[in-house]
Amino acid sequence: MSLDLSKSLTPVCRVLAGAGLLFGSAAVMAESAVEPAQRWGVNMTPGVTEISRGIYDLHMLIFWICVVIGILVFGVMFYSMYKFRHSKGAKPATFHENTTVEVIWTVVPALILIGMGIPASSMLMDMYDDAEDAEVSVLITGYQWKWKYEYMDEGVSFFSNMRTSRGEINNIEPKGEHYLLEVDNPLVIPTDTKVRFLITANDVIHAWWVPAFAVKQDAIPGFINTAWTVVEEEGVYRGQCAELCGRDHGFMPIVVNAMEKSEYNSWLGARQAEAAELAQLIKQEKTFDELMDVGKDVYNKQCVVCHGANGEGGVGKAIAGSPVATGPMDQHLSVMVNGVPGTAMQAFGAQLNEIELAAVVTYARNQWGNNMGDSVQPVDVYNFKQAN
Amino acid sequence: MGDHGPAKGLSRWLFTTNHKDIGTLYLWFSFAMFLVGGIFALVIRAELFEPGLQIVQPEFFNQMTTMHGLVMVFGAVMPAFVGLANWLVPMMIGAPDMALPRMNNWSFWILPFAFFMMLSSLFVEGGAPNFGWTFYAPLSTTYAPPSVTFFIFAVHIMGASSIMGSINIIATIMNLRAPGMTYMKMPLFVWTWFITAYLLIAVMPVLAGVVTMMLMDIHFGTSFFSAAGGGDPVLFQHIFWFFGHPEVYIMILPAFGIVSQIIPTFSRKPLFGYDSMVYATASIAFLSFIVWAHHMFTVGMPLAGELFFMWATMLIAVPTGVKVFNWVTTMFRGSISFETPMLFSIAFVILFTIGGFSGLMLAIAPADFQYHDTYFVVAHFHYVLVPGAIFGIMAAVYYWLPKWCGNMYDETLGKTHFWLSFVGLNVTFFPMHFVGLAGMPRRIPDYALQFADFNQIASVGAFLFGASQVFFMFIVIKTIMGGKKATDQVWESAEGLEWTIPSPAPYHTFTTPPEVK
Ligand SMILES: [Cu+2]
Chain X
1 MSLDLSKSLT
11 PVCRVLAGAG
21 LLFGSAAVMA
31 ESAVEPAQRW
41 GVNMTPGVTE
51 ISRGIYDLHM
61 LIFWICVVIG
71 ILVFGVMFYS
81 MYKFRHSKGA
91 KPATFHENTT
101 VEVIWTVVPA
111 LILIGMGIPA
121 SSMLMDMYDD
131 AEDAEVSVLI
141 TGYQWKWKYE
151 YMDEGVSFFS
161 NMRTSRGEIN
171 NIEPKGEHYL
181 LEVDNPLVIP
191 TDTKVRFLIT
201 ANDVIHAWWV
211 PAFAVKQDAI
221 PGFINTAWTV
231 VEEEGVYRGQ
241 CAELCGRDHG
251 FMPIVVNAME
261 KSEYNSWLGA
271 RQAEAAELAQ
281 LIKQEKTFDE
291 LMDVGKDVYN
301 KQCVVCHGAN
311 GEGGVGKAIA
321 GSPVATGPMD
331 QHLSVMVNGV
341 PGTAMQAFGA
351 QLNEIELAAV
361 VTYARNQWGN
371 NMGDSVQPVD
381 VYNFKQAN
Chain F
1001 MGDHGPAKGL
1011 SRWLFTTNHK
1021 DIGTLYLWFS
1031 FAMFLVGGIF
1041 ALVIRAELFE
1051 PGLQIVQPEF
1061 FNQMTTMHGL
1071 VMVFGAVMPA
1081 FVGLANWLVP
1091 MMIGAPDMAL
1101 PRMNNWSFWI
1111 LPFAFFMMLS
1121 SLFVEGGAPN
1131 FGWTFYAPLS
1141 TTYAPPSVTF
1151 FIFAVHIMGA
1161 SSIMGSINII
1171 ATIMNLRAPG
1181 MTYMKMPLFV
1191 WTWFITAYLL
1201 IAVMPVLAGV
1211 VTMMLMDIHF
1221 GTSFFSAAGG
1231 GDPVLFQHIF
1241 WFFGHPEVYI
1251 MILPAFGIVS
1261 QIIPTFSRKP
1271 LFGYDSMVYA
1281 TASIAFLSFI
1291 VWAHHMFTVG
1301 MPLAGELFFM
1311 WATMLIAVPT
1321 GVKVFNWVTT
1331 MFRGSISFET
1341 PMLFSIAFVI
1351 LFTIGGFSGL
1361 MLAIAPADFQ
1371 YHDTYFVVAH
1381 FHYVLVPGAI
1391 FGIMAAVYYW
1401 LPKWCGNMYD
1411 ETLGKTHFWL
1421 SFVGLNVTFF
1431 PMHFVGLAGM
1441 PRRIPDYALQ
1451 FADFNQIASV
1461 GAFLFGASQV
1471 FFMFIVIKTI
1481 MGGKKATDQV
1491 WESAEGLEWT
1501 IPSPAPYHTF
1511 TTPPEVK
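Note that the protein sequences, when read in sequence, are chains X and F.
Okay, so the first sequence: first residue is 1 according to this note's numbering, each after it adds one.
Okay, so the second sequence: first residue is 1001 according to this note's numbering, each after it adds one.
Since the hints were made in silico from the structure, they are not lab data.
Mixed in with the good hints there might be a few duds.
As the list claims (entries may be wrong) - Here are the simulated distance ranges between beta carbons:
(1) X/G167 x F/S1011: 52 to 62 Å
(2) F/D1488 x X/R85: 38 to 48 Å
(3) F/A1467 x X/L111: 43 to 53 Å
(4) X/I224 x F/D1453: 51 to 61 Å
(5) F/F1286 x X/E263: 29 to 39 Å
(6) X/V68 x F/A1467: 18 to 28 Å
(7) F/G1180 x X/Y79: 34 to 44 Å
(8) F/G1229 x X/V67: 41 to 51 Å
(9) X/V68 x F/Y1507: 22 to 32 Å
(10) X/K91 x F/T1182: 45 to 55 Å
(11) F/H1238 x X/R39: 32 to 42 Å
(12) F/F1116 x X/E150: 29 to 39 Å
Said to hold, decoys possible - Computed list of lysine-lysine pairs in DSSO-like fashion (alpha-carbon distance at most 27 Å, straight line):
(13) F/K1415 x F/K1484
(14) F/K1415 x X/K91
(15) X/K148 x X/K385
(16) X/K83 x F/K1415
(17) F/K1008 x X/K91
(18) X/K148 x X/K175
(19) X/K88 x F/K1008
(20) F/K1185 x F/K1517
(21) X/K296 x X/K194
(22) X/K317 x X/K148
(23) F/K1008 x F/K1485
(24) X/K194 x X/K175
(25) X/K88 x F/K1185
(26) X/K148 x X/K83
(27) X/K283 x X/K261
Unchecked claim - From chain F, some residues computed to sit far from chain X (all C-beta separations above 10 Å):
(28) I1170
(29) G1180
(30) Y1198
(31) F1220
(32) M1473
(33) I1480
Where is the CB? At the ideal position from N, CA and C, for every residue including glycine.
So here's chain F without its partners, still in its complex pose (with noise of 0.2 Å):
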């Protein structure tokens, strides 16, 4: 068996349970999303590169608005770890393949599914979802447009494939690890993976529940979220922020892993405090469930409701910190060296910490009063989530695609484009937290005067930013289609499983599993 390669053509990729297979579909799909949030993004910064409405009508503009975050998250970040997940658990840990191959092969193919339902709402009557990604009732159940219907369907899938995939990951991680290869040997992507698990089958069916719920008010006559009928719009926000923090560590604890495997191969030296590392992502996640309601501070929670809510949100801190500076020790007496995977692994913990520091100041509950629901927000959460979750996944494409793909990249061209993207994206959402403080609210198609130069310039940005991705497309499948062929160790002092086999990893791998000393 070990040794039979791909099936030929289209039935390759629609049957394939190879996790190798299934982790490039994930990563392409993903990528498209990427592009068209993307598109979407640009809609929005082109509107508002001017006061005055120019391109689109509030209408389409709240259609972008959501349609950007949904398929940013759902459908760009989350398949893309999903992808790297099964690309590089299985050669990690040892594994010929995942636990769940058939399961794997239908969790992916659903997710085009779901897309294509979400998206082609743009084209109904009535435009598409337009209530913001929070979809916050009951402007999303009563005065919602028809298409929201296909948006629970859409997310119901989205939910199962995100279950089915964390219970392979889990499968996989507690069964198929090679021998010697305990829990506190594995490498730490692998680590903050499983943790990623358990917080998406501990938060996927709430999200599950409270679309159900939105289906029920506006189809079966229910009032879960309706004040007329005796329902709570609170209660709406309180289960959806139930899943949705942790949903913010889900998107953020695999960067961790994947930056945790990068610094210390180009400082040439060992992981500073890999124990304290996975105890600390271990209290993040833990700390994610009971912080939900910071999103809330404003919706007139009791006194003892904000404090506890503020000060559960500043201990993130404490974990977060114990990150960072082991990232930094890492790299402290170190060799290092700065090829793309390490400049934007390092762009990774820079601006994942100015993000960090914007939240803490964000977690300050009387503060907030005024942060809340400004761009001060936005750019705190783009801080952490475009540095961070895109960032992590860039830096591991460039790290890893030499094993996948048995090419190298062109280093000038990786670095090219780490330095527009790291250009472009300080340029867009720098000036956000200016304008946020100054009062500019999130979410509008239009805007006061005095907030115009600094949009003008986040716009700019966006373009370059925006633009850079396009290269980076072009980079990969240059490196794809040939280039300088990889080693097996590919970078002077990787450590771990995946650089013992040969480039590009063959299509089986570790059908006998290795020895873990």
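Here chain X stands alone, though its shape is the one from the complex (with noise of 0.2 Å):
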């Protein structure tokens, strides 16, 4: 019963949103919802989900009512200011009590509030679902500051960092048009699909906010939370991380690739070989110098936030002349595949791969005046891993 009449409501909802003149840009918002994204945009998106167009819907419901209610209380205040004037020798009336009008604006409002909540419970009854029957498992892990995704039962996993360049925050370069909502690896997932997302964060507090699906959830360390969604059209989505986590909580941006089944089962089939192609690299030599510039690349990706371009520390520690990087490879392997619980070390060992791992290893002990000139292998990290 409650989901009729979410639905009755709809249509009602479409002709106040179509006569909006306060929120006349929500018409432009629909398509803005893909991109560009819209200068000046003054309202949330109707998105691209049942759910989200159902809540956008609610929305202006109850914004509407709020308008109408407010045209007649603050219509009476202006009335009053004006005809009531001191100083066009207005009398005032001594009247102070009824309790019949009391009891009139008690009653009104609450029905009123009734009339809302109804619809706004049938909405969150819709919402909740353990979306057991999804096609698409994702478990979407928060880290201070970057998105992980693992596809449940693909054997897939990747992290996904923020794209756009410290260049560009510190305006040293032109601002990109998705500037601080780009990443590298965006999340991929089939449109007309119903997705689950599972929720949880590795450090703090996060939470994954996709405004055009309407999906946002906590990640919580600890806790595994889930959402849905299906997405009923192409595209690109953007969102960012919506809970205070940290220095760089304005920098880890969400961005989804909504495609066609068949497509996304080539990416899923592509990412899967991709994982195949490692396994086997794992298992290869690499020289010295491969290692040094591999690690430099994951270093200045990766590492350089905290530890300073030339190692000599921040929020981390200098590698710089560092005991751990200038002391036992298992201890050294230790710190990077474990991190430092408690502190914003993290455990790169879910992070990198075998061969990044190896690499930034080596890197670290022959960099800014380490001099250990010993390397180590991406077959000796998989060894470590295995046995710690």
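Relying on the hints, combine the two individually framed chains into one complex.
Written as structure tokens, this is what we have:
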């Protein structure tokens, strides 16, 4: 029953929204849900899922009810201020209570609220669904300050980092169109398919939010929250972490690439093949120079924010001259693979592959005056991970 | 005894047990904190003037948002209300002073130490608290800067100060009313503070509890909020908001009381629905205890929890609506003039109601999934706190300042201050509704390009608003220094015991209780 109510309300809201003078740009926003985003946007996006449209309609309904109440209340106020001005010699009345009107203005608002609460409750029931029947399940983990996506049954997983450069942020380079809302590896999902998100975090609380899907769910360490969506239109959808999670909270965007099922499948196939290839590569021996090259890349992408461009430290300790980077290999590997619990130094074992780990360790041991002269092979990292 | 004056010099202020002196101390302290918190806000707005990082780095930006919130809530708004209560409650109920004058001195004088400690953490290694004024664990525990311990200690002191202040207010109201001043004859400001004081006593210990649990997690190896040790980060939020939601009513109920004094005076008509105003305040206070999780709709509560907290929250709109309707009806068929306190009070009613509307929208749980943690929320709570709490306080200052210092403020200056503040505030906070709905998360030091225009406007408004408060300070000081002498009655149709005593109010008033008919 409650379901029907929300459906029957929808067209009403549409009409209201369509008539929106204040919120005239609502229609524009419908397209901007894809891209590029509009400037001067003043309203929520109706989005590209049934739920997001339902929420949008509900939002507009409540908004217009508030507008009407506001016009009535403020109307009486402004009328009084104009009509009963002391400067115009208004004589004050003396009435100061009336139980009937008190009852009326208690009961009538209560009824209006019930009118709002019913469609809201039914909407909520539609949203609450453990999505056991979803065809695709993605485990989303929030890290300081990136997201990890793991396709539960497909053996594919990767990290998604912001791609906007520090130069753009620091106003040295021109800002691109998707400034702060672009990532290296977007989440890819099929359209017209129920997708389940299992959301958690590795360190502090984050929140995974994509406005166009109306999915916002806190990512809490030690808990797994569920959300789901069925995206109806292909496109690139952008969102951000919505819960303050430390320094780079503003810099952990979310990009979702929704594509047709067949395209999605071939994307997934390619990813799986890559993973298999990687497994092969790990077994190969790397030269010292190869490791140093890859290590430099990894360092500049993953480590530089905390450890500084010259290993001088910052949020993290200095790498130059560090007792770890110039100490026993096992201890160095352990810091890299397991992190230093309770500090910003994360467990990179889950974030970097064996080649990257071997490379960055080798790099750290032979840069900025660290002169160990040794190196470590991907397969050693693999063995270390297995053993620890 | 009765007629001796204040002690001379600094010791007057250090050792005073006089409710008027202590009220003054609270008010100046709160104004100082208002300026400090305002500077933090301007750092935020300056950084957000344009996309990109220009002025501060994200670490410091987070310290600014955190300190702005903490200083404004605990340093500016709450002490200002306690200061007003100190000045006004005894004078309104015909009492010679507060019931517990020595404790009164103590509850004020520990505050500067608390804030000194908290603010000094801006200069220590690792920086000030940077986890938001809501200090969610584990960001505020395992991942916090070392200064979090100072913050915890400061919160304990502030809490002790608030609890002592509340006990004092309750004791005064219950015991020191003049003969004939029955509960249902008390001015509404007294009523709203009476209820607020109970809220404070109920929730401040909860806040103390939650920060103590944090302290244990950080230093003594417990795992209340750490999932790795079997704890629960969501527990933190439940406890925090069990304090935090009543806290927002603590910051608004006394302002309700203030405008309920002012609107009748300048409408020259008694307050409409006194009884229902009292009952509405009490209902709001009660409901404020059962709605806390509406701040947590996205943490993954079960459906039943979402429904309960949504309906309970919507219910608060009923008594709040009653209050607004009563104010409007008080004005209806009155004889209205627009002195500065009245302008602030009218703006209070209108803008607070707008904040109430966005609050109602936020209460709608499904929609809150889109609103939560965006600038829409920032717009909402600034609409209830700035034109709500802050305008209430300013209205009170203009209204009672002539009684306090014996001089009338300059009406033209007062009105100018009002209009500057009014425009500044709306230019600052209204666009935040737009960027919030369009998808801008709160607490970010930098934003995507499509939010640039409205952010720029908001920043301009913020500087206007900030500058007008310096102007406010000038007006108040000018009034204290001199000006047209105020009559005892001050306002033509003001009613209440405080208007029966001379202006400025003598150091000791009502040493023999007045008779209230
Ligand atoms: Cu985050």
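Would you pick out the hints that fail for this structure and give their numbers low to high?
2, 4, 5, 6, 9, 10, 12, 17, 19, 21, 24, 25, 26 and 27
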